[in-house]
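Undergrad: Take a look at the letters that make up each chain.
There are 2 protein chains.
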Amino acid sequence: MSRPDVLEKLVSLCKRRGFIFQSSEIYGGTGSVWDYGPLGVELKKNVKDAWWHTMVRSRDDVEGLDAAILMHPRVWEASGHVSGFNDPLIDCKACKARFRADQMDGASCPRKPSKKPGEQGDCQLTEPRQFNLMFKTFMGPVEDTAAVVYLRPETAQGIFVNFLNVQQARRQKVPFGIAQIGKAFRNEITPGNFTFRTREFEQMEMQFFVDPAAAEGKRTDMEWFEYWKAQRMEWHLALGLERERLEFHQHSATELAHYAKAAFDIQFDFGGTLGFQEIEGVHHRSDFDLGRHQEFSSKRMEYVDQVANRRYIPYVVETSVGADRVTLALLCNAYAEESVEGESEGRVVLHLKPSLAPIKAGIFPLTKKDGQPEMANRIVEDLRPLYPVDYDDAGSIGKRYRRQDEVGTPFCVTIDPESTGNGTVTVRDRDTLAQDRIDATQLRAYLAAKLAG
Amino acid sequence: MSRPDVLEKLVSLCKRRGFIFQSSEIYGGTGSVWDYGPLGVELKKNVKDAWWHTMVRSRDDVEGLDAAILMHPRVWEASGHVSGFNDPLIDCKACKARFRADQMDGASCPRKPSKKPGEQGDCQLTEPRQFNLMFKTFMGPVEDTAAVVYLRPETAQGIFVNFLNVQQARRQKVPFGIAQIGKAFRNEITPGNFTFRTREFEQMEMQFFVDPAAAEGKRTDMEWFEYWKAQRMEWHLALGLERERLEFHQHSATELAHYAKAAFDIQFDFGGTLGFQEIEGVHHRSDFDLGRHQEFSSKRMEYVDQVANRRYIPYVVETSVGADRVTLALLCNAYAEESVEGESEGRVVLHLKPSLAPIKAGIFPLTKKDGQPEMANRIVEDLRPLYPVDYDDAGSIGKRYRRQDEVGTPFCVTIDPESTGNGTVTVRDRDTLAQDRIDATQLRAYLAAKLAG
Numbered sequence: 370m371s372r373p374d375v376l377e378k379l380v381s382l383c384k385r386r387g388f389i390f391q392s393s394e395i396y397g398g399t400g401s402v403w404d405y406g407p408l409g410v411e412l413k414k415n416v417k418d419a420w421w422h423t424m425v426r427s428r429d430d431v432e433g434l435d436a437a438i439l440m441h442p443r444v445w446e447a448s449g450h451v452s453g454f455n456d457p458l459i460d461c462k463a464c465k466a467r468f469r470a471d472q473m474d475g476a477s478c479p480r481k482p483s484k485k486p487g488e489q490g491d492c493q494l495t496e497p498r499q500f501n502l503m504f505k506t507f508m509g510p511v512e513d514t515a516a517v518v519y520l521r522p523e524t525a526q527g528i529f530v531n532f533l534n535v536q537q538a539r540r541q542k543v544p545f546g547i548a549q550i551g552k553a554f555r556n557e558i559t560p561g562n563f564t565f566r567t568r569e570f571e572q573m574e575m576q577f578f579v580d581p582a583a584a585e586g587k588r589t590d591m592e593w594f595e596y597w598k599a600q601r602m603e604w605h606l607a608l609g610l611e612r613e614r615l616e617f618h619q620h621s622a623t624e625l626a627h628y629a630k631a632a633f634d635i636q637f638d639f640g641g642t643l644g645f646q647e648i649e650g651v652h653h654r655s656d657f658d659l660g661r662h663q664e665f666s667s668k669r670m671e672y673v674d675q676v677a678n679r680r681y682i683p684y685v686v687e688t689s690v691g692a693d694r695v696t697l698a699l700l701c702n703a704y705a706e707e708s709v710e711g712e713s714e715g716r717v718v719l720h721l722k723p724s725l726a727p728i729k730a731g732i733f734p735l736t737k738k739d740g741q742p743e744m745a746n747r748i749v750e751d752l753r754p755l756y757p758v759d760y761d762d763a764g765s766i767g768k769r770y771r772r773q774d775e776v777g778t779p780f781c782v783t784i785d786p787e788s789t790g791n792g793t794v795t796v797r798d799r800d801t802l803a804q805d806r807i808d809a810t811q812l813r814a815y816l817a818a819k820l821a822g
Numbered sequence: 370m371s372r373p374d375v376l377e378k379l380v381s382l383c384k385r386r387g388f389i390f391q392s393s394e395i396y397g398g399t400g401s402v403w404d405y406g407p408l409g410v411e412l413k414k415n416v417k418d419a420w421w422h423t424m425v426r427s428r429d430d431v432e433g434l435d436a437a438i439l440m441h442p443r444v445w446e447a448s449g450h451v452s453g454f455n456d457p458l459i460d461c462k463a464c465k466a467r468f469r470a471d472q473m474d475g476a477s478c479p480r481k482p483s484k485k486p487g488e489q490g491d492c493q494l495t496e497p498r499q500f501n502l503m504f505k506t507f508m509g510p511v512e513d514t515a516a517v518v519y520l521r522p523e524t525a526q527g528i529f530v531n532f533l534n535v536q537q538a539r540r541q542k543v544p545f546g547i548a549q550i551g552k553a554f555r556n557e558i559t560p561g562n563f564t565f566r567t568r569e570f571e572q573m574e575m576q577f578f579v580d581p582a583a584a585e586g587k588r589t590d591m592e593w594f595e596y597w598k599a600q601r602m603e604w605h606l607a608l609g610l611e612r613e614r615l616e617f618h619q620h621s622a623t624e625l626a627h628y629a630k631a632a633f634d635i636q637f638d639f640g641g642t643l644g645f646q647e648i649e650g651v652h653h654r655s656d657f658d659l660g661r662h663q664e665f666s667s668k669r670m671e672y673v674d675q676v677a678n679r680r681y682i683p684y685v686v687e688t689s690v691g692a693d694r695v696t697l698a699l700l701c702n703a704y705a706e707e708s709v710e711g712e713s714e715g716r717v718v719l720h721l722k723p724s725l726a727p728i729k730a731g732i733f734p735l736t737k738k739d740g741q742p743e744m745a746n747r748i749v750e751d752l753r754p755l756y757p758v759d760y761d762d763a764g765s766i767g768k769r770y771r772r773q774d775e776v777g778t779p780f781c782v783t784i785d786p787e788s789t790g791n792g793t794v795t796v797r798d799r800d801t802l803a804q805d806r807i808d809a810t811q812l813r814a815y816l817a818a819k820l821a822g
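In order, the protein sequence lines correspond to chains A and B.
Heads up: the first sequence is residues 370 to 822, going by my numbering.
Heads up: the second sequence is residues 370 to 822, going by my numbering.
Chain A extracted, bound-state conformation (with noise of 0.2 Å):
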């Protein structure tokens, strides 16, 4: 049983709320690349910290990078994208449609929607045709071919080209990590599924270097592998998602890259028809790129361990995360359409984990008047230093309610007339509904506390 589809109800909430926007919108759009509004640039800043506490600061054994877009070319020739990194594309000659010919099966003609390509000889297709997926760029006046560059198609190959340069300045030994977050780009055939597959993305990616010959006691290669998709499966959990929409997806020996040793996936379920999908992939890399580095650049990259004395090229376990298709994921996790006791309309609700929501709390004065605005904003400014809140006085309570549980707020604070006569304030949770009155200098304790892990 498939759970149900929230994609559309999720683009049309994003836009109407400040989540997500389409890329230049008043031009008609830009082809699957897609902007993040006010709510939707906070849960996203959460989700890249959290990744980043978890896998840089909180940890010893990683450090950080973040590496530029723009690379030497010879990157590309090394890392083996410029000669592999391609679909097979087929055109329609009649149409001027395109198609991914893996992916016929699935494809109708834009022309005759209700047909196949092909079918009944509407279409006139080509053979198929490898396109690379790097956007290709000019660096330097002229556009010559000497100056041809590359927006990365992975922000793995930044990790690789530092190795050294980390490793040294930071005087780490084998085992150790470095992660980044950045910006990646493909030239999709295909793109779609709202954030779930664009050209324009952000990638959370670690790579674990590891002594392919660890000495006895020590964590071997594939040891470390089992330790990094265990450790990756239960970051996803700690974000709020829900154990039955994960699942690990192993590899096949066809879907293998040939220098892989292992390669899981971590799948959500998205529900409808997309499913479960990819949105973290945990792979053994062997020695492979940094291999192919010191041939295509003759710098050597191998780690020298002074205490053995030997000299080798680490192996790589890699972890490359999706932080827009996290986010997605979140927000699916999260989408909820509830009926509500003793009301007669429902709600639309975000049951996103309080630290990762856009807005820590609404806060509400019941009325305009009696001293309850200037109450509120009191509040308003004891907490805003702290996280973002909405001061929010227009319509019933119940309306603002409304309003914050669509976009994911935790708590909400009202000033009744009791608030202005003794202190007290209603916080109300988003999840239970229950009301707790509490004394408005507690507030901060109160909330700290709700809000924490």
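To be clear, the hints were calculated from the coordinates, so they are not data collected in a lab.
You can trust all of the hints, since none of them are fake.
Lysine-lysine pairs mimicking DSS-like chemistry, simulated, CA-CA at most 30 Å apart:
id, chain 1, residue 1, chain 2, residue 2
1, A, K417, B, K417
2, B, K384, A, K668
3, A, K819, B, K819
4, B, K768, A, K542
5, A, K384, B, K417
With the Cβ distance kept under 8 Å, some of the chain A side facing chain B (calculated, not the full set):
id, residue
6, S393
7, V410
8, R426
9, S427
10, E432
11, A437
12, M440
13, V530
14, N534
15, S666
Which stretches of chain A does chain B cover? Using the computed rule of at least three CB atoms under 8 Å from a CB of chain B, they are:
id, segment
16, 397 to 408
17, 498 to 506
18, 756 to 762
Beta carbons: idealized from backbone N, C-alpha and C, even for Gly.
Got chain A; can you put chain B on it based on the hints?
TA: For chain B alone, kept in the frame of chain A given last:
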């Protein structure tokens, strides 16, 4: 009297200690593109987070945004970049060098560096021709003109095209602003000075939308302009840049864009021959950008003031700061070579504001025995969830101090024989060199107080 030139020393320190590496260094580098190493990424992240907190999270009248790098090509026709974002370029047919026509005075012939281009007929210079600074790429499978897109040369246009999306989704009322942090790209003919002028860089921009005919008792557009000038200067001072190294530079009539009502740069004195250079611009852009997008998209870009029953295109006050430039300014500002009383060797130190420093504390066991490493590790485990700390047990204490001074670590905690006896540690201050002996259980609170603000 000009300040000493520390740029060359910083390039070396930044590579050696892991702040900034040349991009794709093993392949000979990519022209004027740089990678941030483990310490650089933390420093720059602290700068960006400080900006985001000041400009977005701590205000109710500025909304965040994260627009994509790839935008619809019409955006750059409307903005004027396709027709006007050019540098005049001169080629030399003899030695193939390229020069900016407006910078020939300072240029020298690359084949004969003692001579100026054109001198004594060595060079065969072409007439100046216009060279567009935007990086061009192709979206979709075929390189035809319909699919030409540009890497954005500024983040501002992502804000303008989303003006009404943000205003409506967040129910904002003019005056309000939209802020974003993101990469931009310019195919500079003569980049240089380390990370000061690069082809890939990160901007932190805010566009503040104001009523061109503000009612009695409200701030006028020029008053908002003065407000933001003052706010932005305060921000740089709050980061620790020295007041006497900062100044406003007013754009003269010839520097001013034709649509601009006023423009000031905030300049910082980088020292040496570079001297005072722009790190931020505060610009009154009038209604030019929104007006052009209305014209080119045929979509209304007006704000509807429902109270006053008016509709109008707002004026825009822009604040635009380079994240890389501020980071470089902070490094220049912090760098010092000092003699240390009672020691023959001097020290290199980065006097970074503690809240910006990449590492907050070095933790040193005096010796590798007697329970000191264990106690040091317990302290590391206690502090690491809060902020980055470095454990170091290699070499003399003096050598370890120097290592942390050089990367700006504000505090060094030493565990000595007394520590394992009575539970106290010494905390040494990077700037004053004063040492406090405190109880290890008080360390969290002690450092929190010192790191605040």
